[in-house]
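Asks: Each chain, letter by letter, is given below.
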Amino acid sequence: MDMSSHAVGDSPVHRLNPLTKLVFAVTVTVSAFAFTMIWWPPLLFCVAIVPMVIVSGTQRKFFPTFLALWVPVALTVCLMQGFFYPGAHRVVAGIGPLELKYEGLVFATQTALRVMVLMGGFFLLLLTTRPGTMMSAMTQRGMSPKTVYVVSAALQIAPALAGRAQGIMHAQQARGLSVTGLRGRVRALVPMAGPLILGALTDVGDRAVAMETRGFGTTRHCTYLTEVPDSTAQRAARAAMELCALTAVVANVLGVLR
Amino acid sequence: MIEFRDFSLTYPTGSRPALQKIDFIVPRGQICAVVGADGAGKSTLAGVISGVVPHMTGGETTGWARIGSRMLAETPASELVGEVALVMQNPFNQLSGARFSLREEIAFGLENLGVDRAEMVRRVEQVMADLRLTALADLSPYEMSGGQQQLLAIGSALVMRPAVMVLDEPTSQLDAVGAGVVFDALETLRTQGVTVILFEHRMERPARCVDRVLVLDEGRIAADGQPDDVLTDPRLADWGVAPLRYTTAARQAVERGLWEADRPLPVTLEAAAEGFDAALKGARTAGGL
Ligand SMILES: Nc1ncnc2c1ncn2[C@@H]1O[C@H](COP(=O)(O)OP(=O)(O)OP(=O)(O)O)[C@@H](O)[C@H]1O
Ligand SMILES: [Mg+2]
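Chains A and B are the protein sequences, given in the same order. Position 4, counted from 1, in the first sequence is what the UniProt record's numbering calls 4; the numbers after and before it change by one each time, with no gaps. Position 65, counted from 1, in the second sequence is what the UniProt record's numbering calls 65; the numbers after and before it change by one each time, with no gaps.
Looking at chain A on its own, in the form it has when it is part of the complex (with noise of 0.2 Å):
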């Protein structure tokens, strides 16, 4: 996923605290999960996450990414639980030797309707707050530098590796290498590994100079560029949001409304 063409747009939501947006996020995925009614989170998603998209005016990138994600999960996991959800006997379909069951097609569907949920309320997350912001929230919240620094790095390197390979391959082209059909590609990946592992290593004793003289890791303490905005008013949400997801939970263990 490309994390930096996120973010951009500046609805209420963008200005959300990070950390508000990864509490809801949770919350939802939490208050999806307690209750087996199969209407409850589909009825999560349309009150709670719908809105927040509307808002933020990201719909549009939203829905289509997210039906991508989402269908071919559902889907994967209708036909799993469907045909081996183990203890299932009400056959609804045969196909050669499987049978479609019923059971295991209500138990697909309930949570292929709570990962919607999950996904939804992360995608929100990603999708309207900067990974820098982001960053910053989770500093400021006591996560040590260098964690931060691990994570944010990770969200960085899987572009920048992409970006290098197809560097090399097309150099690689460039000499005569083939990489039509599908053997040409799996062939063309065995000379690409090398200078990709060598770059990448050449670079990590460049990169570890760069950050040793750009002061990465004294012990002094840190400030940040970006600020992360915040509020009492989003402080209130954030301890409601908390209670309930805990008192789903709660709701869950009692077995209430199961």
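Please note that the accuracy of each hint is not assured.
According to the in silico footprint, chain A covers these stretches of chain B (three or more CB under 8 Å from chain A) [stated by the list, open to error]: (1) 73-81; (2) 243-255.
Calculated from the model, a selection of chain A residues having no Cβ within reach of chain B, i.e. all distances over 12 Å [said to hold, decoys possible]: (3) Ser11; (4) Trp39; (5) Gly87; (6) Ala154; (7) Leu155; (8) Leu225; (9) Met241; (10) Cys244; (11) Val250.
Only some residues are given here: those of chain B computed to face chain A with a beta carbon under 8 Å [claimed, not checked]: (12) Asn93; (13) Ser96; (14) Gly97; (15) Phe100; (16) Arg103; (17) Ser156; (18) Arg205.
It should be emphasised that the hints constitute simulated quantities derived from the structure, not laboratory data. For glycine and all other residues, C-beta sits at the position ideal for the given N, C-alpha and C.
Position chain B with the ligands against the provided structure of chain A, taking the given hints into account.
Replies: Positioned in the frame of chain A, the structure of chain B with the ligands alone reads:
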């Protein structure tokens, strides 16, 4: 002040010293260029001045080197942060890899030093304006061209307000406009008393803003002096350094009698133009043209 005395360095894997008996003093506020062929030891010397070599690379040294009152043998790079800033040859490898926009990347070093936010914002905006990067402020460092990354690396060093700036071929990927912006920024540093050590291949543009040129040849200092003298030295090519275009043009003009014999060879475009102008006027008054 930077002082090297009889300083030699051999890398652990090196068969011969990468630097041999280096001797020089750079006073505070001087802009000093170091030129030399590939493998002459430029990056090594840049590393020594910034406390990277041999602390992070290993290697045996003899003689000594110091910055101000600090002996470099006892001062690793981490203790020189804020005092010496290094811009390395490859800008991509200098990215922190953990900042998501150019603005945040420039601020990275200041964040590590714990500079307060208001001051940080001021300095970052200033550097972006000086290097004409303001329009790119929100771009991801990974989405930038090589030249833009090079400017970013320079900005990340400038923002630290060091007493000594070490730049290892900082304009290798920049076009003429970009390189001009960098050299203008270096001239501003001179007025602030910052010492600049510039390692370069192409001297056409920097020739007019540097106070001094050192030539490195196979790890030794082959020449040390004013740009006008060193860069017009007939041995320059033997040291593996290409003479400047203006000097080459004037040298060919001398052979054809189109350059006044007693006029020194030029190292800048302005001096070349002036020389050719004088030669032309001379020829006119002599009735030759
Ligand atoms: N980390 C290292 N370990 C061992 N040898 C090294 C190391 N770095 C450089 N060298 C060797 O030291 C010598 C000088 O290298 P250096 O990189 O300083 O040259 P340079 O003048 O910067 O060249 P270029 O113009 O190509 O950047 C070379 O022979 C090189 O092989
Ligand atoms: Mg070099």
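Asks: Hint by hint, say whether it matches the structure.
Replies: Verification of the hints:
Chain A is given as covering the segment 73-81 of chain B, and this holds because 5 residues of the stretch bring a CB closer than 8 Å to a CB of that chain, at least three being needed. For the segment 243-255 of chain B, the assignment as covered by chain A is violated, since 0 residues bring a beta-carbon within under 8 Å of that chain's beta-carbons and 3 are needed. The beta carbon of Ser11(A) is kept farther than 12 Å from every beta carbon of chain B, the shortest such distance being approximately 17 Å. The claim that Trp39(A) is not at the interface with chain B holds, since no C-beta of that chain comes within 12 Å of its own (minimum 39 Å).
Chain B leaves Gly87(A) outside its interface by the beta-carbon criterion, the shortest separation being 48 Å against a cut-off of 12 Å. Separation of Ala154(A) from chain B is inadequate, the least Cβ-Cβ distance of about 9 Å not exceeding the 12 Å criterion. With a closest Cβ-Cβ approach of about 8 Å to chain B, Leu155(A) is found to fall inside the 12 Å limit, against its non-interface label. Interface exclusion of Leu225(A) from chain B breaks down, the closest Cβ pair being 4 Å apart, not more than 12 Å.
Every Cβ of chain B is farther than 12 Å from the Cβ of Met241(A); the closest lies at roughly 27 Å, confirming the non-interface assignment. For Cys244(A), the shortest C-beta to C-beta distance to chain B comes to about 32 Å, beyond the 12 Å cut-off, and the non-interface label holds. With a minimum CB-CB distance of about 39 Å to chain B, Val250(A) clears the 12 Å threshold, and the non-interface call stands. Taken as an interface hint, Asn93(B) checks out: its beta carbon lies about 4 Å from the nearest beta carbon of chain A, inside 8 Å.
At a threshold of 8 Å, the smallest CB-CB gap from Ser96(B) to chain A is about 7 Å, leaving the interface hint in force. The closest approach between the C-beta of Gly97(B) and any C-beta of chain A is roughly 5 Å, which is under the 8 Å cut-off, so the hint is satisfied. For Phe100(B), the suggested interface contact is upheld, since its CB lies about 4 Å from the closest CB of chain A, less than 8 Å. Because the closest C-beta pair between Arg103(B) and chain A is about 7 Å apart, less than 8 Å, the hint holds.
For Ser156(B), the interface hint holds, since its Cβ comes within 8 Å of a Cβ in chain A; the closest pair sits about 7 Å apart. Interface restraint check: Arg205(B) against chain A, minimum CB-CB distance 25 Å, threshold 8 Å, status violated.
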